[in-house]
Structure formats: structure tokens, C-alpha cells
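Residue numbers (numbering that gives the first Met the number 0), protein chains in the order written: chain A, 0 to 347; chain B, 0 to 200.
Where hints are given, some of them may not hold.
Some chain A residues judged to face chain B by a derived CB distance under 10 Å, without partners named [unchecked claim]:
no.	residue
1	10
2	20
3	22
4	24
5	39
6	45
7	49
8	67
9	69
10	199
11	200
To be clear, the hints were calculated from the coordinates, so they are not data collected in a lab. Note that beta-carbon positions come from the ideal geometry of N, C-alpha and C, so glycine has one too.
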Amino acid sequence: MAVVVHSFPLLDLPPDELRCVLKLMGSLDQIAFSLISKPTKSLIRDVPKKPLLTVCLFIQNYIHLNIAFPKLWKTASWQLSPKYENRNVNSVEWAVTEQVKVEYFDPDEDGNGNILWRKKGFGAKEWLKHIMEVTNHLEIDVCRFEPSGQCFQLASIARTIEGLNVKQLVIDANCSDAHFRAILQTIYLDDVALFRNPYPSRELFHKVLIQNVEKVIYKNDKSLTLDDLLVMNFKILDYKTARGNHLTSIRFFNKFIKMWRTGYNTKLKIIRIIFDEAVNKETVLNGIKYSEVDPEAEINSNRPLCKDAELAKSMDIYDINGARGAKATVYINKFNESSGWIEVAVWD
Amino acid sequence: MSVENAPVVDVDEAAIPVEKKMYYRFESNDKKEFRVSELAIQQSETLNRLVEAMGYTSEDVENKPAIAIENIDGKTLKLVFQWCEHHKGEAIPVDDGSVPKIVEIPEFDAKLMDIDNGLLFKLIWAADYLNIVQLLNVSCKKVANMAQGKTPAQLRRVYLLPSDEEDEAAKRAAQEAQDPRAREVEEEFEERKRQGGNSFF
Numbered sequence: 000m001a002v003v004v005h006s007f008p009l010l011d012l013p014p015d016e017l018r019c020v021l022k023l024m025g026s027l028d029q030i031a032f033s034l035i036s037k038p039t040k041s042l043i044r045d046v047p048k049k050p051l052l053t054v055c056l057f058i059q060n061y062i063h064l065n066i067a068f069p070k071l072w073k074t075a076s077w078q079l080s081p082k083y084e085n086r087n088v089n090s091v092e093w094a095v096t097e098q099v100k101v102e103y104f105d106p107d108e109d110g111n112g113n114i115l116w117r118k119k120g121f122g123a124k125e126w127l128k129h130i131m132e133v134t135n136h137l138e139i140d141v142c143r144f145e146p147s148g149q150c151f152q153l154a155s156i157a158r159t160i161e162g163l164n165v166k167q168l169v170i171d172a173n174c175s176d177a178h179f180r181a182i183l184q185t186i187y188l189d190d191v192a193l194f195r196n197p198y199p200s201r202e203l204f205h206k207v208l209i210q211n212v213e214k215v216i217y218k219n220d221k222s223l224t225l226d227d228l229l230v231m232n233f234k235i236l237d238y239k240t241a242r243g244n245h246l247t248s249i250r251f252f253n254k255f256i257k258m259w260r261t262g263y264n265t266k267l268k269i270i271r272i273i274f275d276e277a278v279n280k281e282t283v284l285n286g287i288k289y290s291e292v293d294p295e296a297e298i299n300s301n302r303p304l305c306k307d308a309e310l311a312k313s314m315d316i317y318d319i320n321g322a323r324g325a326k327a328t329v330y331i332n333k334f335n336e337s338s339g340w341i342e343v344a345v346w347d
Numbered sequence: 000m001s002v003e004n005a006p007v008v009d010v011d012e013a014a015i016p017v018e019k020k021m022y023y024r025f026e027s028n029d030k031k032e033f034r035v036s037e038l039a040i041q042q043s044e045t046l047n048r049l050v051e052a053m054g055y056t057s058e059d060v061e062n063k064p065a066i067a068i069e070n071i072d073g074k075t076l077k078l079v080f081q082w083c084e085h086h087k088g089e090a091i092p093v094d095d096g097s098v099p100k101i102v103e104i105p106e107f108d109a110k111l112m113d114i115d116n117g118l119l120f121k122l123i124w125a126a127d128y129l130n131i132v133q134l135l136n137v138s139c140k141k142v143a144n145m146a147q148g149k150t151p152a153q154l155r156r157v158y159l160l161p162s163d164e165e166d167e168a169a170k171r172a173a174q175e176a177q178d179p180r181a182r183e184v185e186e187e188f189e190e191r192k193r194q195g196g197n198s199f200f
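One chain only, chain A, in its complex shape (with noise of 0.2 Å):
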């Protein structure tokens, strides 16, 4: 009676074929892979792979990070610690055990299910690291904390995202006050997305709006003013409403690039607002020096804001000057009579 294998001596395939087994193995199966052993690892992070969409941290009543793979509506969450119910305020240190449950959803081939995955030796720190290396998506897209998540402690938090490469802090305007104010004063990133001011007067706001980011995205808040622009220290702040929140006017941005060009704010180099009201150059450069910018010359020039074409075409585009030599590109563009959006980018 023949015996029948089991197992299977993959390593001593052909080195061509061992790397088209690789290549052929769904995404999360690769990445169990992965953990076997150094060499697994090193395996599979040579096998070439579509560049995931997100990879995202979130801080709920338990951490857990989510990858959206390039195939739509497939993705993997791994639940990074136990999930705590009616815990105190940062009362939770963020350790996590070499276990961790994997859920999956793939709409065409494993349907959904979840999994434990064990690695000896592992931290949170370790895992996130690994699943960055071996995905080749060598950043953490966004860290998004929500009012479940207050019961973490964030300093163990920040301990295990230190070094990592993670790049917008997301705080959910749910989160109360002070849960709001311990994680801007905690976590330290150069992308933040603010939206509100979780502090009872705008000079305390102030002080966070200084603090040395790079892109500040502000959303939902009507309140922004001109003060705020000023002693904003961001490199790009790109300011969002949702439709029907009145925003501030656009007399008051047109006032803002006046300050600009005296030399205020010159470590600004973005500077993107939507307006719910008429945008036209008349308004916004009113009192302003400007040259009208063809859109073709805009697009084949070596600093296009917009590489689309089309875009492009739709978009009024005049350059100023500001102090010191600096110069700046406006770009106005319709949504319709009355909304639109406006953007100033700085050139070096």
C-alpha cells in the first residue's frame, strides 16, 4: 500500500519554481509564511507585490492594525491587544502577548474568518514592523485614535509606534476634551488631522497650531481664523468643510496671502481651503500683483501642483510674489457658483 505524504519539501524545489509557489500564495498566506524563520522572511519580501492601499493603526477598546489589499474589499486586521469593556482612563498598559488573532475578509476567495498566528519573542512593536517589512508598505498610513481607546495608556503607545514610520495621527472629534489634549501633547507625528479645538480657549489651540508638524488637515471646523493662519508653523494645511459649515471668508484668505507676501508664516508651502461661496480672482487676489499662468505651461513646468491635465484646464492659475524673493502660485478652481476650492503653493 503506497504512503501517502503530507508534507511537502518545499525549500527543495527549483529556486524558479519555489518563487512562483511565493508568488502565487494569497497575500495573508504569504505573510504567515513570513514568521516561519529569517529565511521565510526574506523569501517573501523578495516576491514582487502590488503596493497595499492603507495600512492603518487604530486605538479603539483594543488596538488592532487593518491593511486594505490592492483587491477590493479584501482585507486583514490584527488584533494587537485583548479588547477591554468599562476600563479607566489610561489605565492600560499597551503589552501585547506573542498571540495575536488575524481577521480576514476576501469577498472571492476565503470569504471571511479569523485565525490565531503566534510568533515567540513578539511585541506589538515587533509585529507591526514585521507585517510593514514584509508587505513592502514600510509605513503605518494612519494612527487614528477613538474615544474607546482612552482606557490606553499613551505613553506605552507612543513607546511602540517611536521609530516607526507613521504618518497622520487621526483623532476622532468624538473624543472627549481631555482624551484629545493628552494625545496631541503625547504623540508627536508630522501629519495630523484635526477636527476640532479640544481646548477652551484658541491661545492654547495656538500652541498646539505651532507645534513643528509638517500637514496639518483641519476638517468640519468653522471657526478657523485669520490669527490661526498666522501663527499656524505647518508646512501644509489643507482645510476641509463639510458642505452647509459656513466657513470663514474669502476676504479673509485674501487678507492671509497679503500677510504672507509682508513675509508672516514663511514655512508654509501649502495651503489648500474649500469655500462654501463664489471663489473668483477678483476677490481673492483683490489689491494683489499678479501673472495670469497658462494651464498648459502649468503642466509642463517642473513644479505642477497638478499633473492631471484636465484639472488643470478647469483651474484659474496666477503667480504672486512674496517677501524675501519667495514666490507663490494661486490655483482657484469653481465647484460651482457657489462653493470651490483654493489652493497657494509656495516654490523655492
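Got chain A; can you put chain B on it based on the hints?
The following block gives chain B in isolation, referenced to the frame of chain A:
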């Protein structure tokens, strides 16, 4: 083995153009003989080049000895030729480097590869040796599918993979085996130490 007794793989006669109806004879390393259509042979780049270089006529293939394939046994070669006959005339896929690589296993191939892993391993080596691109694709996909939904620990068992600790132990053992004189010196040193010698030299 005589030609009369040679296992013949199923041939779809209608699919073979009349003028190309020539069957080559191949012999495995355990002396099993196979008759394979010229069109089926085209799936294998290696065999196709070989028969082209030989330039056999219809008489030659009957009268000359079967072409020996020394690296592959009869059981494996039978699977290979069954696959080639079934897929004869099909275009040979070109790997365009697209990512992810997508390979579907047709029903016939799935049944053909419903074999133990030892034989599957030999089949991949044979497909590699004979350079049969699509057979390689489907057999590698079959091996890749073994990983589906497994934990790292399960994968280690499925694919017989050593852990880092086992790897290091194996390396140490290999080093020691490579340098027996070093081991002798070490043993001698230990012996002298036991005897109370002050100096090794």
C-alpha cells in the same frame, strides 16, 4: 519494454492535423516507454528542441530506440505526457511579470494532480526539467494552495520548514562535520585539561 506493451496516453485524434500525426517514443529511467504525439511534445520546450534537432522521420521513430529521459521515472513521466496530450495545441503562456500572478487550475489538471505530495514534488521537478511552462504554473499553484488559511506553525509542518533555532543547529553540525581536525583538537584539549596539563602546546 517492447513498443507493443508501452503505455499509450489518451490521444484526441481529431485534434491532430493529419500531416503531423507522428508519435515519438520516450523511455523513463525505469525503462517504461511512452508514445507521445508531436503536437503534445510542443508543450515541452526541452523535448520540442530535442526532437527538432534529431530530425526523425516516421520510420525513424518506429525503428530507432526510444529517446531516453534519464532524470524522470515512469510514474511521473506518465503524468507529464497525459498533461501534454490533454493540453496539446494550446498556446504556451508567457510570464509577463504581472503581479499578482493569477493561475486557475482546470478540472482536468486538478484531477491529474490529485496525487500524494511526493509525486507532486517529482512532477514539478519533471516539468522544470522539460520546461513545460503551464504545467509548472498549475503545479506551483497547487503547492501554493496548501498554505491557504494556515497559521505559521501549520505552514512549518506542511512545508517541512526548519525554525531559526533548527537552522542554526544544522549549520553548527555542518561546520563540525566539515572540519573533523578542529573537533579532534578540541577533544585533545579537553582531555589534557582533565589530566591537569598547564599548556596545550
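(Q) Restraint: residue 24(A) near chain B, CB-CB cut 10 Å. Satisfied or not? (A) Residue 24(A) check passes; min Cβ-Cβ to chain B is 5 Å, inside 10 Å.
Q: Using Cβ atoms only, decide whether residue 199(A) comes closer than 10 Å to chain B, and label the hint accordingly.
A: With Cβ-Cβ at 50 Å, over 10 Å, it is violated.
Q | Restraint satisfaction for residue 39(A) [CB to CB of chain B, less than 10 Å] | A | Status holds, d = 6 Å.
Q. Given residue 22(A) as an interface hint, is the shortest Cβ-Cβ distance to chain B below 10 Å?
A. holds (5 Å)
Q: Report holds or violated for the interface hint on residue 67(A), using the least CB-CB distance to chain B and a cut-off of 10 Å.
A: violated (15 Å)
Q: Using Cβ atoms only, decide whether residue 49(A) comes closer than 10 Å to chain B, and label the hint accordingly.
A: With a closest approach of 5 Å, the residue 49(A) hint holds.
Q | chain B contact restraint on residue 20(A) - CB to CB distance below 10 Å | A | Residue 20(A) check passes; min Cβ-Cβ to chain B is 5 Å, inside 10 Å.
Q.
Under 10 Å is the threshold here; is the Cβ of residue 200(A) close enough to any Cβ of chain B for the hint to stand?
A. Nearest chain B Cβ about 52 Å off; hint violated.
(Q) Does residue 69(A) hold up as a contact with chain B if the rule is Cβ-Cβ below 10 Å? (A) Holds: closest Cβ of chain B sits about 8 Å from residue 69(A), inside 10 Å.
Q: Grab the minimum C-beta distance from residue 45(A) to chain B and call the hint holds if it beats 10 Å, violated otherwise.
A: Check failed: Cβ of residue 45(A) comes no nearer than 13 Å to chain B, outside 10 Å.
**Q.** Restraint outcome when residue 10(A) is required to lie within 10 Å of chain B by C-beta distance
**A.** Cβ of residue 10(A) sits 7 Å from chain B, so the hint holds.
Of the numbered hints given earlier, the model fails hints 6, 8, 10 and 11; all others are met.
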